[in-house]
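Novice: Residues per chain, in single letters:
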Amino acid sequence: MSSNISPEIERLISLLSKLPGLGPRSARRAALDLIKKRDGLMRPLASAMAEAADKISTCKICGNVDAQNPCHICRAGGRDQTIICVVQEVGDLWAMERAGAFRGQYHILGGTLSALDGIRPEDLNIASLIDRAKSEVVTEVILAMNATVDGQTTAHYITDHLETADVTISRLAHGVPVGGELDYLDDGTITAAMKSRRPF
Amino acid sequence: MEWVSEGYILSVRKHGETSAIIDVFTPDKGRHLGLVRGGVSRKSRPVLQPGNKVKLQWRGRLSEHLGSFTVEPLSARAAELMEDRLSLAGLNAMCAIARECLPEREPHPEVYDAFQILLMNLHDPDIWPALYVRWEAGLLTAMGYGLDLKSCAATGSNDNLTHVSPRSGRAVSASAAEPYKDKLLVLPLFLQGQPYVTPEDVKAGMVLTGYFLETRVQWGVNKTLPDSRARMIERLSTEGYSR
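So the protein lines, in turn, are chains D and Z. The numbering of the first sequence is this note's numbering, which starts it at 1 and goes up by one. The numbering of the second sequence is this note's numbering, which starts it at 201 and goes up by one.
Isolated chain D, as found in the complex (with noise of 0.2 Å):
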């Protein structure tokens, strides 16, 4: 970095080049902008940082994240208190969310089991979905997972751990998605699809 520019305008920079899809060219030129628009958007985006940094909290119960806790989601009395949707990161949970095809409750497992980053079952939240599960309140879990390799051994690995509990579990559908021409679909999924087929 150049030395002509001042030290807080660097620290600026350097932090917001440790965001994700930023690099430190265009970190400098959101910097730039942040200065030139220092009222209109410094100043707010600073107080709303700081808010969220006090304010925001892991749910308790479902793992999401939220100013209240428990969150929104847990505390809302129109949800379906009986079936519980296992996602892996709060991304999902929004995606999910989003879309609004499912209206219970949520568990974030924090991530996925994987040899490679030495994640291990008691590394995400899967001893307090057990817990949830077993309660008699909740008929069914939904295993809502990624249809990575990943993903799937840990749904797997949760489908045993939650033999004991009284509870449906499912899983979402793999296949062809809204839009997709088989054409352009990669074997995988064509391989998925025909194998999760079901009477028409």
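One thing to keep in mind: the hints can contain errors.
[Claimed, not checked] Cut-off 30 Å, straight-line C-alpha distance, at most; resulting in silico cross-link-like pairs (DSSO-like, lysine-lysine):
id, chain 1, residue 1, chain 2, residue 2
1, Z, K381, Z, K403
2, Z, K253, Z, K243
3, Z, K403, Z, K383
4, Z, K229, Z, K243
5, D, K60, D, K134
6, Z, K214, D, K195
7, Z, K381, Z, K423
8, Z, K229, Z, K423
9, D, K60, D, K18
10, Z, K243, D, K18
11, D, K195, Z, K255
12, D, K18, Z, K214
13, Z, K423, Z, K403
14, Z, K253, D, K195
15, D, K195, Z, K243
16, Z, K350, Z, K383
17, Z, K253, Z, K214
18, Z, K255, Z, K243
The set of hints was computed from the structure by calculation and includes no laboratory data.
Put chain Z on the given structure of chain D with help from the hints.
Specialist: Frame of chain D, contents of chain Z only:
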């Protein structure tokens, strides 16, 4: 530098925001790592799953560089095995063992061939557990720690071999093994060419190859066997294929 080959994906690690570093097992280059640009894209992710067979083109300025791969799918084995928890446990274990135990860039075509056969049979739990043990035994041989199961280490006889010495890796006959039974490892009959495999044999085989892989290969680099192998054994036992 450039080469073209085919191989199986053993693992994929995200690198930066758009790329991935893959670990592949090839017949002529051995286990090899390389960067795949755009490896975490929506198009590449289904291809870059452990167990999938891919065509590889490796490019690097010098042979010792990490280099980058261009990958084309050949077979999507991972998707076929994902549904079945036992097959998936086997796939995870074999990929983890290959990744952990094979040295980089050292060709082992015989281990590769056995890997391929094992992978092709992972859908059939009556066959693959014994194949898996044989593959691990072959891996030990390729690493220079092969088991000598031809004759008894104590008497030289080749009749009624029932155990293996944990010290030498050599077979021991039933009579010579009698006083040391609790210290010796059980030799499953299928490793001596018997066609029948019992759940007890599978368990004995897993213990046998696991012991030597851990003490001879893994301990040398301060590692233990991967968790996925233990999970596979647990699953085999739960489903009655190992006892």
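Novice: Check whether the Cα positions of K229 (chain Z) and K243 (chain Z) lie no farther apart than 30 Å.
Specialist: Between K229 (chain Z) and K243 (chain Z) the Cα gap is close to 26 Å, so the pair holds against 30 Å.
Novice: Would you check the hint for K60 (chain D) and K18 (chain D), treating anything up to 30 Å between C-alpha atoms as holding?
Specialist: With a Cα-Cα distance of about 28 Å, the restraint between K60 (chain D) and K18 (chain D) holds, given a limit of 30 Å.
Novice: Regarding the pair K403 (chain Z) and K383 (chain Z), is the alpha-carbon distance no greater than 30 Å?
Specialist: At roughly 17 Å apart (the allowed maximum being 30 Å), K383 (chain Z) and K403 (chain Z) satisfy the hint.
Novice: Does the alpha-carbon distance linking K253 (chain Z) and K214 (chain Z) stay inside the 30 Å limit?
Specialist: With a Cα-Cα distance of about 19 Å, the restraint between K253 (chain Z) and K214 (chain Z) holds, given a limit of 30 Å.
Novice: Between K350 (chain Z) and K383 (chain Z), does the CA-CA distance stay at or below 30 Å?
Specialist: Holds: K350 (chain Z) and K383 (chain Z) sit about 20 Å apart, inside 30 Å.
Novice: With the threshold set at 30 Å, check whether the alpha-carbon distance from K18 (chain D) to K214 (chain Z) stays at or below it.
Specialist: Holds, at about 16 Å.
Novice: Within 30 Å, alpha carbon to alpha carbon, are K381 (chain Z) and K423 (chain Z)?
Specialist: Answer holds: K381 (chain Z) to K423 (chain Z) is near 28 Å, not above 30 Å.
Novice: Check whether the Cα positions of K253 (chain Z) and K243 (chain Z) lie no farther apart than 30 Å.
Specialist: 16 Å, holds
Novice: Does K243 (chain Z) pair with K18 (chain D) here, judged by a C-alpha cut-off of 30 Å?
Specialist: Holds - the C-alpha atoms of K18 (chain D) and K243 (chain Z) are around 26 Å apart, at most 30 Å.
Novice: Run the distance test for K60 (chain D) versus K134 (chain D): straight-line Cα separation, threshold 30 Å.
Specialist: Holds, at about 17 Å.
Novice: Under the criterion that the straight-line Cα-Cα distance not exceed 30 Å, is the pair K253 (chain Z), K195 (chain D) satisfied?
Specialist: Holds, at about 20 Å.
Novice: Take the C-alpha atoms of K381 (chain Z) and K403 (chain Z), compute the straight-line distance between them, and say whether it is at most 30 Å.
Specialist: 17 Å, holds
The structure is consistent with each of the numbered hints, conforming to all of them.
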